[in-house]
Structures are given as structure tokens and as C-alpha cells.
Amino acid sequence: MREPAVRRDTIAARRVAGTAGERRRRIVEAAVRAIEAHGAGAGLAAVADQAGLPRPHVYRHFTGKDDLDQAVARHAAALLSDWIRPTLTARGTAIEIIRGIIDRVLTWAVDHPDLYRFRARHGLPTAVAEFADALAAYLRAAGHEARPPAHLVAGLIGLVDGGIIWWLDHREESAVDDLSEWLSTQVWRVLADLLERFGRPLDPDTELAPAG
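Numbering (the UniProt record's numbering), first residue to last: 1 to 212.
These are calculated hints, taken from the structure and not from any lab test. Treat the numbers as computed from the prediction; the structure is a model and nothing was measured. Glycine included, every Cβ here is placed at the ideal spot set by N, Cα and C. Any given hint might turn out to be false.
Between beta-carbon pairs, the in silico distance windows are [unchecked claim]: (1) Arg197 to Gly43: 40 to 50 Å; (2) His151 to Arg200: 16 to 26 Å; (3) Arg147 to His38: 39 to 49 Å.
Kindly produce the complete structure, drawing on both the sequences and the hints.
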């Protein structure tokens, strides 16, 4: 006789959880709009205004500012990952593939400079894992079974993020194509050194396609 009541409780709990998740999503999207409008330092008032909520209500759905910031950073990282993912399986020489990825990242950063800064400030390990997977696929295609060290991938992401953020603040000092070429060259040098250490140097003119 108690089963219908239990079922009703379960359905109600799911409905509440779904409503809470939807509200969190809307607040995160509002925070993104606030950052795009007011910069990476947009405050709670701007987020609440974009969400159409009183300020105290924003944190009812998060444990605090850090929780909200991390949710926004995850959302921004997902947007960027979706944007660049097609380039992670491209064919070409090593430098062509690297340049394609960096050009794609730069395009997104130019279109969303403050959101890019915010994502970089709250760096997440998911990007390291995704790039490590893509790099490992290319290394397998070149005859290497070793997975690139996470610290190397994190360092490359930091190099690219740092270069792009500096350029966003000093655009008058260099052309975007020059930045892309410089970053691509630096990334290739790091990867070429890694391949040398593996004992299997790669001819930079060799065409690659990621191994499955």
C-alpha cells in the first residue's frame, strides 16, 4: 500500500531537482551575459540583473561565489571545447594542425575576450584531459604509444592562454597572425622535444591523421 506514496515522493524529488538544475543553468547563462557585458570582474549585481532575480536569490542555488564561478568557468570551457573540437581531428602536418587549433582558439577569444579571460583564470583539468587525448591520438599515428605527460599538456595550455590574454590587452603591438604563428612555433618546439625524448623524432613535413 505504500508504493504509490513512495513513487509520488520520487517523482516530486525529481521534479524539484530538475527545477533546481534549470535555475542553476539560467543563472550560469546570466553570468556569462554579465561577463560579456561588463568584463571578467562582473559582480553579483550584474549577474542578478541579467537573471532577473534579487541578488540574495542567486546564491540560493550555489554554495557561494566560488561555486558559481566554477560553474561559469565549466560552461565557458564547454563552449570553447565545442568550438575547437573539429580541429582536434584534422589532417595535416604537425605545424598545420597546431596552427589550425590555435587559430580556432584565437577566433573564439577575439569574439569572447572577457569570457576567455574568465575561463583561463579558473583553469579546469577537463581541458588538459581532452587535449591529452587528442595529442595521444596523433602520437599513435606517428608510431608512439606513450601518452603525453599531463604537466606538459597543462604547460602548453598555459602558454597559449597567457599569450592570447597578453595580446588581448596589447592588440596594437602585434597582428593576430603573428601571434598565432609564434604560439604555433613554440608549441611545436615543445612537442618536437618530447618526440626526441621518445627516440622517434617526427619530420615536420609528415602528414598526420589521428589514430583511432
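Hint check results:
1. Between Arg197 and Gly43 the beta carbons are some 47 Å apart, a value that agrees with the proposed interval 40 to 50 Å.
2. Between His151 and Arg200 the C-beta distance comes to about 21 Å, which sits within the given range of 16 to 26 Å.
3. Range check, Arg147 to His38: about 41 Å between beta-carbon atoms, so the 39 to 49 Å window is met.
In this structure, every one of the numbered hints holds.
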